[in-house]
Amino acid sequence: MGPVTTDAAPSTPRTPEPPRSPTGALLLDAARRNMRQYGMLVALGLIVVLFQIWTDGVLLKPNNVTNLVLQNSYILVLAIGMVIVIIAGHIDLSVGSLAAFVSAACAVMMVEHHVPWVLALAVALAIGAVAGAWQGFWIAYVGIPSFIVTLAGMLLFRGGTQILLGSRSLGPFPEGFQKISTGYLPEVGPDTNYHNLTVLLGLGLIAVVLVQEVRSRRREQAYELDVLPRGLFLTKCVAMVAAVLAFTLTLASYRGVPVVLLLLAALLIGLGFVMRNAVVGRHVYALGGNQAAAKLSGVKDKRVTFLVFVNMGVLAALAGVVFAARLNAGTPNAGVNFELEAIAAAFIGGASMSGGVGTVLGAIIGGLVLGVLNNGMSLVGVGTDYQQVIKGFVLLAAVGFDVWNKRKVGS
Amino acid sequence: MGAPLLEMRSIVKTFPGVRALSDVTLTVAPGEVHAVCGENGAGKSTLMKVLSGVHPHGSYQGDILFQGEPCAFKDMRASEARGIVIIHQELALVPYLSIAENIFLGNEHARRGIVSWGATLQHAARLMKRVGLREHPQTRVADIGVGKQQLVEIAKALSKEVRLLILDEPTAALNDEDSAHLLGLILELKAQGIASIIISHKLNEIAAVADSVTVLRDGRTIETLDVKAPDTTEERIIRSMVGRDLDHRFPERTPYAGDPGAHPALEVRDWTVHHPIDQQRKVVDDVTLHVRRGEIVGVAGLMGAGRTELAMSVFGRSYGRGISGTVWKDGHQIRTRTVPEAVGHGIAYVTEDRKHYGLNLIDTISRNITLGALGKVSRRGIVDEHEERRVAESYRTSMGIKAPTVFEQVGRLSGGNQQKVVLSKWIFAGPDVLILDEPTRGIDVGAKYEIYTVIDRLAAQGKAVVFISSELPELLGMCDRVYTMAAGRLTGETARADATQEVLMRLMTTHDMTTNKR
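Chains as they are written, first to last, in the working numbering: chain W, 1 to 411; chain Z, 1 to 518.
Be aware that a few hints might be false.
What the hints assert, rightly or not - What follows is a set of in silico ranges between Cβ atoms, one per label pair, in the way DEER data are often shown: (1) Leu155(W) x Arg337(Z): 30 to 40 Å; (2) Ala397(W) x Arg111(Z): 46 to 56 Å; (3) Ala265(W) x Asp384(Z): 23 to 33 Å; (4) Leu155(W) x Pro276(Z): 31 to 41 Å; (5) Ala126(W) x Arg337(Z): 32 to 42 Å; (6) Leu155(W) x His332(Z): 48 to 58 Å; (7) Ser216(W) x Arg337(Z): 39 to 49 Å.
These are calculated hints, taken from the structure and not from any lab test. As the structure is a computational prediction, the values presented were derived from the model and not from experiment. Quick reminder that beta carbons are idealized off the backbone N, C-alpha and C, glycines included.
Sequences are here, hints too, so could you generate the full structure?
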């Protein structure tokens, strides 16, 4: 395994294989390298099937799938930032409090001072960036361990939230702001029983994915690198198209694509691309993997660390906005334990405590594992007490598997 | 003299793939100071670990007799119970505990688990007086200098009724004054009947305090000499240390035919570096050296000579404090205060410690190779993965990195192949000057030859190469000129034609002995 070729869209083997190696060996090799992520994808699939049976098919009903996305959106936003922090070899305990602080600030601005919601949103994200820069400064330039700085941040921002709100809940918000969390793409065109724009979007996505795959294959051939055999390549494409199509139609038969899902997709694709393909993303992996070696290779360690925390701050603010919009109020106890869920998602998704390993897609999968467990267990009536116990075991098992797997390959 | 205090007979110790000791015999007489010397990697430290039980009985072959009785130590506690105490080069003190607490650590003055502070302080003060340490027993160890910390270690040893004290390079980290005090103390303890083994490559120290000296080479005892005998000269010891045949194979060196009139590719002038913690100590002391394009220049020195510290401090001030001096490239003075600046001026430093400073072991070959110059395979901040893979593949082929694909995790490769990855990384960065620090450490003979070939090729392409090594044969085989360092100072510059192992070793063991007694 490793942070090798795992990010971006549904990734199936893109392995460089010795020219004459049989297809089976090739798949096996790819599976070995990405074992952790494939393992979690399979686990997610199993959990989905299990609850689908258990709930008599309620789990995958269109309205529940939409609900699942909405319920977990803010944790997924945090998990994306958190996995980057963890890859860089740090931790951020303050994100739940920071999200709460930002949602409180939004509430004060819009409800008490009637600031237009677009401006409030911009200010909210700026607050996140400043808070991230504050923590990043102490961590990167002063050298205080991130655990301490963000533990302090956890207290600071929680206290700030309570100072802003006292013990009140402030709401409701302007409709435009609420739409961030509860909105859907508009209905257009003739009545087709499906949400037209969603179907179009899905078809567009399929086209983009196919073009990307074909172009990538052509380029690899042009570089005389080994590519997947034709049959396998077609199978892969068909599987990807089928998955996208099924998901699209499910959403389209309810109310269409939620705005939050677009946001998540943008973050997943954007930050996934940065972590996988941008120089700065590489530097984050290098820093987490071996800080001394990265520094001696000319990586600007302080600046990269600083940027990672600024990014986390902005994402925490975004999560706070999404949460506030969903709740339609700012409350002093918002975001409690969000940081723990985000950290758990990153680790379940394959990040390593010691840094240098993990992917954005993995964190999303980890977050979905937790989300489906929550949703499914609630549907079948498991109490929150037992839910916590089960989630605890899942976290332990996922990371335990990771440790065992690492020891087995002896690295 | 009567029966020996210690006899180690035919000790053999193997590690997976390496035979560290093959047939070592060491005999120490009661009450004598016995020196053990040899090149880096001769087996000195391993031998002491066998003696002190760090390598437990059963993990080596051979017999140890102490005071006539056979010993089978299973750990360090067992050897300490017999009165054999080792003081490692890296001191084993807890910095935030007091001197008194450190002296009795693991051996506390206590009744039923409750420490008796009165007895502790009193006893500590007595021991401290014996070693000449004038400090309050409650001073934190972190607050005293390395020299005094060394004395705390000796006081700790004395508290354990020591009969044989082993000191591993005791003066390597000390200044001249502290060294003189320590050597005096060893002689005082000798007068009290405590025997010592000192591992040292400072021959003048050996002459000053030791009664006899045993020379190790390539894991064997070469001979034991009586230091006081008239024919035991430093030359005699040096010959014994290096008397190895030049059986290593080297590629035919393309003779260096540079233009001596041109400016050197890299020149370091008046370079002085202080220790990052002990800021009084000069780790590199007023060193001036240069290297020309197409030239391979060796830097020889024993452990603690300051070679790595010199290289790392020049390379973006990655080591040390209070650095002074100038760096010149092609006749212009340049700034190399940060790694990116140094890399920007075409300097590359290939570390001796590839696992800690050279590689991201959990990442792939391909990503390790490109890390130093990601800009070359990316456009507008985005890495072109296909181009990256092509580059990595080309290095895998040209450097002969043995791995199925460039996506193999570097941590799984052998030492030789890891070294080729580090070299690839820096060659890809396209430097004019390569500083190679022990590039063949810990790799097998075949891989060494391949690396020598690469180094020769680099020089032939007009790169300037600085080759730091502890292995004299490889310096003689590869270099056009060799600088020698000892205790942070440059002690010589020898042309290829004049260089022999004896000449270099002589320069590597030269120490300015203005304050030490002879």
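Is the hinted range of 39 to 49 Å satisfied by the C-beta distance from Ser216(W) to Arg337(Z)? holds (42 Å)
Satisfaction of the hinted span 46 to 56 Å by the C-beta atoms belonging to Ala397(W) and Arg111(Z): holds (48 Å)
Okay, Ala265(W) versus Asp384(Z) on CB: inside 23 to 33 Å? This hint holds: roughly 24 Å between Cβ atoms.
Kindly confirm whether 48 to 58 Å is satisfied by the beta carbon distance between Leu155(W) and His332(Z). holds (53 Å)
Could you tell me whether the CB distance from Ala126(W) to Arg337(Z) stays inside 32 to 42 Å? holds (34 Å)
Is it true that the C-beta distance of Leu155(W) to Pro276(Z) lies inside 31 to 41 Å, as the hint says? Holds: the Cβ-Cβ distance is about 34 Å, inside 31 to 41 Å.
CB-CB spacing for Arg337(Z) and Leu155(W) relative to the 30 to 40 Å hint: holds (38 Å)
Every hint from the earlier list agrees with this structure, and none is contradicted.
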